[in-house]
Amino acid sequence: MTFSQYENRWHTNCVMKTKPDAHVRQIIGRSGIKRSDREPDFNEKAGLVYMNAIVEHAVVDFSTALEERNPQTADRMPQQPHITIRGLTKKFAGVPLYEKFNLDLPKGQVTCVFGPNGCGKSTLINMIAGLIPYDAGDILFDGKTLKETNIGYVFQNYREALFPWMRAVDNIKYPLRINGASKEECDARIDELVRSFDVKFDLNRYPYEFSGGQQQLISIMRALAPKPEVIFLDEPFSALDYEMTLFIRDKLQEIFSSTDVTMVVVSHDLEEAVYLADQVLLLTKRPTEVADTVSFTAVRPRDIDTLSSDAFVQTKARCLDIFQREVRR
Amino acid sequence: MNDIIDKSYFSKDAALRVGRTLVGPLLLIVIWWFANNLQLVSDKLLPGPIETFGSLWTSLADGSMTADLTATLYRTLYAFALAAIVGIPTGIILGSSDRIYHLVEFLVDFFRSTPATAMFPLFLLIFGIGDFAKVAVAAFSAWLVVLFNVAYGVMNSRKTRILAARVMGASKWQVFRTVMFFESLPQTFVGLRMAVSLALVVIIVAEMFIGSTNGMGHRIIDAQQVFDLQQMYASILMTGMIGYGFNVLFLTVEKHAVHWAGR
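Protein sequences appear in the order of chains A and B. The numbers in the first sequence follow the numbering used here, run straight up by one, and end at 329. The numbers in the second sequence follow the numbering used here, run straight up by one, and end at 263.
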């Protein structure tokens, strides 16, 4: 086995809490730790045991595997994945959109999803967020299922996603309220959000009394209210004018810099995608696969100057190349 | 912005608007007066507006109309209340399950198309010649109106909002109570407004034809039988006012209760 195969096995079997395969069960069984002990650090212990086993049993494989690895990525610390997708399959009327799709989304980073029309960018994040069902595969968040994970979601159409019968402030409190938070907890969180977003408008009004940009800002505050581990944004700027887009983009950057939230943004605008991203995930035409991931490491906060910097222009050009190659194929 | 414009519009032009609304009725009364005065229509068929309104005023002032008026109002509201209490929950159940909806779609459409008056004899057989037979038949037809309006409201609720609630971790019941209920509310109010109008119609007809001793319907028929045309027109006008009053009342409540509708 190569190193990456071991690595994959390790993820699917230990981190992801799925059924361990026979090989892993055997090694972990011999080590004496049991899942039934409900040890909080079972994963860690089991992982350690398994890693040791790998080292013991596969020293030779290991060294050759190390050489196989891309020298560029080998010298960098491997990024810890937050969301792991394995064998994801989704068919629409028998036609596969995703077939045995695998993907890791890094923790605490902004991933922008970009790809040709109809390749299922939104479908992908909707499946991860549990908005639409998928036919097969596993999606895990740090090894946890969706149910055990606190996520936030910002819809493209804020008008249809906010609740017009509630005041803006109650909209933001909604995810806290339904999860049983007290009035004091809700108020405290609202204060916190108002301060960090520097909100200047009166949240005691109804959503339809605000401008589009303000409504989308309220949506984002609502998504962030329960302090999610992951926040999904489905083309959050496409219904906004340019001025508002710039404003919300910068707000998003601020929020992102002040928390360690993992962000997944679907975008149809390449410039916007690169500007926001730590890595741009480029998808192919259907059946959809990962065409490439391009990282963009410019320092934050990014501003207008970032847009004209060499690194930005080059990264964008590279993404465009890959995109056009995929569209023509 | 809109608020400011709306408010100034109301305060400045309120008088003008009321004035415009009154032009139609006043014009009709003037035509009525001319028709009566110039003997265009026989005095036996159409008494003058002054006599008619005079008759309405005296009937209200001396309390001779009060019993009939309260009887009709009581029956209409009784029937409406039954329709709403039964109609809203059943409508919600119907709207939230495709399977149940398809099961009874034909029945609801069928009875909705059947004139309520055709079912008078049936309801008389079931409930006897009492007051409740009238209330029941009105409640039945009003219920159908509430039922399908609420059901449509629930069925057509925006899927995005339901998804938004679900992704935030709301349970099925929470989605229902905090989202679907409010989503269906605008359509529910439309149904309630239609239901009260229909209940009034059915009650008036029932009072005319199924052995009633009071009520506005009974009063109109009585006046016609003894050829007291002033009284008949006065009662018709009063019935119209009840219907209009209900409509205005419901529109006002609706505007406040579902302030977000259409925005």
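Read the hints as simulated data drawn from the structure, not as lab findings. Here the structure is a predicted model, which means the values were calculated and not measured. Certain hints may be false.
Stated by the list, open to error - Derived EDC-like pairs: lysine to aspartate or glutamate, alpha-carbon spacing no greater than 20 Å straight-line:
{"#": "1", "chain 1": "B", "residue 1": "172", "chain 2": "A", "residue 2": "148"}
{"#": "2", "chain 1": "B", "residue 1": "255", "chain 2": "A", "residue 2": "326"}
{"#": "3", "chain 1": "B", "residue 1": "159", "chain 2": "A", "residue 2": "160"}
{"#": "4", "chain 1": "B", "residue 1": "159", "chain 2": "B", "residue 2": "98"}
{"#": "5", "chain 1": "A", "residue 1": "200", "chain 2": "A", "residue 2": "170"}
{"#": "6", "chain 1": "A", "residue 1": "285", "chain 2": "A", "residue 2": "326"}
{"#": "7", "chain 1": "B", "residue 1": "159", "chain 2": "A", "residue 2": "148"}
Said to hold, decoys possible - From the derived model, a few chain A residues whose C-beta atoms are all more than 10 Å from chain B:
{"#": "8", "residue": "84"}
{"#": "9", "residue": "104"}
{"#": "10", "residue": "130"}
{"#": "11", "residue": "150"}
{"#": "12", "residue": "160"}
{"#": "13", "residue": "226"}
{"#": "14", "residue": "229"}
{"#": "15", "residue": "240"}
{"#": "16", "residue": "242"}
{"#": "17", "residue": "251"}
{"#": "18", "residue": "259"}
{"#": "19", "residue": "295"}
{"#": "20", "residue": "303"}
{"#": "21", "residue": "321"}
Unchecked claim - Stretch by stretch, here's where chain A covers chain B in the computed footprint (C-beta under 8 Å, at least three residues):
{"#": "22", "segment": "164-178"}
{"#": "23", "segment": "255-263"}
Beta carbons are placed, not taken as given, at the ideal position from N, Cα and C, and that holds for glycine.
Starting from the hint list further up, note which numbers the structure goes against and sort them upward.
Hints 2, 7, 10, 11, 12 and 13 are the ones this structure does not satisfy, whereas the remaining hints hold.
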